[in-house]
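The sequence shown begins at 1 in full-length UniProt numbering and counts up by one.
Hints may be right or wrong, so weigh each one.
What the hints assert, rightly or not - Restricting the straight-line Cα-Cα distance to at most 30 Å, the calculated cross-link-like pairs of lysine-lysine (DSSO-like) are:
| # | residue 1 | residue 2 |
| --- | --- | --- |
| 1 | K237 | K139 |
| 2 | K62 | K167 |
| 3 | K130 | K237 |
| 4 | K192 | K237 |
| 5 | K201 | K186 |
| 6 | K136 | K237 |
| 7 | K232 | K254 |
Stated by the list, open to error - Computed beta-carbon distance windows for the label pairs:
| # | residue 1 | residue 2 | range |
| --- | --- | --- | --- |
| 8 | V441 | Q345 | 38 to 44 Å |
| 9 | T24 | P224 | 19 to 25 Å |
| 10 | V430 | A205 | 40 to 46 Å |
The set of hints was computed from the structure by calculation and includes no laboratory data.
Since this is a predicted model, take the numbers as computed values, not measurements.
Every residue, glycine too, gets a C-beta built ideally from N, C-alpha and C.
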Amino acid sequence: MQEGKVIAYASRQLCKYERCGIYTDHKSLKYIFTQNVLNMRQPRWLELIKDYDMKIHYHPGKANVVADALSRKSYANMALGFQMPHELCEEFERLSLGFLHHTTAAAFEAEPTLEQEIREHQKDDEKLQKIRELLKIGKAPHFREDEHETLWYKNRICVPNVDSIWKLILSEAHDTAYSIQPDSTKMYYDLKERFLWYGMKRAVAEYVAICDTCQRVKAEHQRPAGLLQSLKVPEWKWEEITMDFIVGLPRTQKGYNSIWVVIDRLIKVAHFIPVNTTYSGAKLAELYISRIVCLHGVPKRIISDRGSQFTSRFWKQLHDSLDTKLRFSTAYHSQTDGQIERTNQILEDILRACAIQYGTSWDKCLPYAEFYHNNTYQVSLKKSPFEALYGKRCRTSLFWNQIGEKQVFGPDIIQDAEQQLQIVQENLRVAQSRQRSYADVRRRDLSYKVDDHVYLKV
């Protein structure tokens, strides 16, 4: 430049060796740079090749002789270099490619076929020998012998009673790549066209039933195993409680995003405590003391799932000091504590209704939801939880004039409380019996023996 002006331009055209051209027989790659809709993998490849100055050309596979020779022809054919085209030999010589001659040594051992094994063992099977004798006198219809003296029933070969042959046939029909784990019905009808032995259907069913792969991957289409086993009815109020967390709720202004649900197993009184999932074990213990123990005393047993909050060392040490036994439900089996799971559903429905009707935050509706649950009639108790706890229902704005006072004095108070408790326990037993009668219709009884192997979902 001179005085800020350009006096000459120095530029040149790139030669063909400085450009990158890719020839492929994959025609769709030609349009990868102009394609509008991409799948999940294509953007990653575009990020890789966008820094290179290249152009993709489509070259039909039939015309791409050199690439086919390099990628598809074996070394055995390359060794026959004299039979290859002269142009290809010159190309290999320019690339300094040589020929490698392989010498392969192999030993072959002839093994008897399945039909030969069946033929040999037919001679030792007593039942099949009796059929041969009947066949000679014409009293074995549909049976025949071929030119190799193999016994057949119509078009089905007769398999002798030899476990090794049975296992070989069943394995070939069930475990190979040509028959990928069929069920017992399909497997039986496939084998039925070719083979015949006594008890074949039962053998097929037993083989499929103990197949490890089938037990792991196949969906269960039978009725659930095991009859309903209800938990024992507690003897007194707040001796046994259940607890669980409802998580995934919208974060409120006070920082709550979950609910800690605690329920008494006998009288169904529940407490709904708003918490945050980040609360430590010490914080949860503080809430437990202030909201549960201060009102109802220390329970004897706590039933919960295997959440990290309930399996922590701090939580265990706390209840060891309080002499409370922790009972954890089976993993992936929420039916163990169906009471609290059902309560969670009801509580979520109540909070949704409050949010729609009143348009307020769910934590502000929680006290009303707790009062509604505890003061509402329960079918299993045949009364409300508050009535089972205090002896009468709590007053509300609607029924304030219907709640009277009982004139009970001295020992009559204790006797009346015990009678009410016995009524509650009997009502719960009746409810459990009714639940079993409905649940067991859809279940099947299953018993285990010592040393039986079972599958666990963990």
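*Going back to the hint list, which numbers does this structure go against?*
Going through the list in order, the structure violates hints 1, 2, 3, 4, 6, 7, 8 and 9 and respects the others.
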